[in-house]
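As a plain string of letters, each chain reads:
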Amino acid sequence: MKKKHTAIIDVRIQSDDFDVTKENNKLQNDEPGAIVNFVGIVRGFDEKKNESIKSLTLEHYPGMTELEIENIVNESCERWSISAVTVIHRIGKLLPSNQIVFVGVASKHRQDSFDACNFVMDWLKTQAPFWKIEDDGNKKKWVEFNSRDNDAVKKWIV
Amino acid sequence: MKKKHTAIIDVRIQSDDFDVTKENNKLQNDEPGAIVNFVGIVRGFDEKKNESIKSLTLEHYPGMTELEIENIVNESCERWSISAVTVIHRIGKLLPSNQIVFVGVASKHRQDSFDACNFVMDWLKTQAPFWKIEDDGNKKKWVEFNSRDNDAVKKWIV
Amino acid sequence: MIIKYFSWIREHVGKSEENFDLPSNVTTINELIEHLNGLNNQYKHAFAKRDLIKIAVNKKYSPFETKINNNDEVAFFPPVTGG
Amino acid sequence: MIIKYFSWIREHVGKSEENFDLPSNVTTINELIEHLNGLNNQYKHAFAKRDLIKIAVNKKYSPFETKINNNDEVAFFPPVTGG
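Protein chains in written order, with numbering that gives the first Met the number 0: chain U, 0 to 157; chain W, 0 to 157; chain G, 0 to 82; chain E, 0 to 82.
Hints in this document: simulated from the structure, not taken from any laboratory.
Some hints here could point you the wrong way.
Under the rule of at most 35 Å between Cα atoms (straight-line distance), these lysine-lysine pairs were calculated in the DSBU-like manner [stated by the list, open to error]:
1. W:Lys47 <-> G:Lys43
2. U:Lys138 <-> U:Lys48
3. U:Lys107 <-> U:Lys154
4. U:Lys25 <-> E:Lys58
Output of the computed footprint for chain U on chain W, the stretches with three or more beta carbons under 8 Å from beta carbons of chain U [said to hold, decoys possible]:
5. 11 to 20
6. 30 to 40
7. 114 to 123
Quantities reported herein were computed from a predicted structural model and do not represent experimental measurements.
Ideal placement from N, C-alpha and C gives every residue a C-beta, glycine not left out.
Excised from the complex, chain U in its bound form (with noise of 0.2 Å):
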């Protein structure tokens, strides 16, 4: 049986950057007792090419992405019970430490709030069409796909 479906939903490409604290407040909406957020850094170091990273840069399928994370989002509020979801993926260039995706999730109870966030950034590794290219200051190399993400996914199957 699917839950109702009455959940804010957010969805936003962009390359300027977030601000977690504005994001949560728009999340508050039907009087939620939790929030939870994930936000992604861009990490300075490459561990398994054992590379500095200088910069790295984002492309992404116009009109597709939104497809996919708004399908993922939709899956995630037929799962558990949820007021509001925003997700806001950047593209273009970026800098080690700089935030590069937030998924926040608010609920009336945490673990579905949890459980959510979860389950909207595992699949979003594994399904929304981004592709990062790493710039070490001499070279550029395309992200190869990480098979940890193709276990990540696994736990949401039944």
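Position chains W, G and E relative to chain U; hints supplied.
For chains W, G and E alone, kept in the frame of chain U given last:
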């Protein structure tokens, strides 16, 4: 086997509000790739009692509160790879829509932050010596312990 | 010993903290509660529902059977409701 | 039809998008890739590793066997790396 303890831990009990953006900036130790935040919000309605709430007031056991939260945070640092944890819990009088509690966890890999943040909140709810009294405008009532919270910690007991 | 009371237990007892000379025949939390119950009805009322009483000895959760001495800090409070 | 290319597939093909008249004998994604491979080595290079190619037809993930027609928007890209 226990993990090496290198996380930066910050536990604060305060009447002042907090700013999630500022707290996240402080959590950016050791180049985390992921930050997960939990923010608890005062609700203006008690569903169990079907009553609106004008305000609530929190008291706690100074000294023991900090010890209990530090124990919980230390335990989370042994279970997951974490670079920094901040816990802020407000005391005194709070109004509906006010922030009441913040748990922020930074880590390299996102699942560590999700699990540790969830773990800290669940144990904080059952172990940290805080007590809430609700004021509906006419009378004040001590909030009763929620048995859901005892169920919530069971998932961490292995 | 210092005894601290919180939440509605504090309200029933009528104080948040007291300095208390532990009698030599009182050696456990259980015996302390019995002793206090004998002093007046406020304690009796506060301690009436044992399953709603949590105990900390020196700021650590402790069971009713815990041995105590006159240097300890003992606290009585209901199940917690923070977060 | 519109064909879009992303990430290193875009770099190999040398363009991000093209308008393409679908020949009548090309009815699936598999056949489209074979057809493009016959045009020049850039396509051949781009499509060399099938297990690294994801396909979207009209902005939805689709398998290699998907039937296509001249009104579709087809996109080729490697496994995603956002977040």
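Next on the checklist: Of the numbered hints stated earlier in the document, which are not met by this structure?
Outcome noted: none
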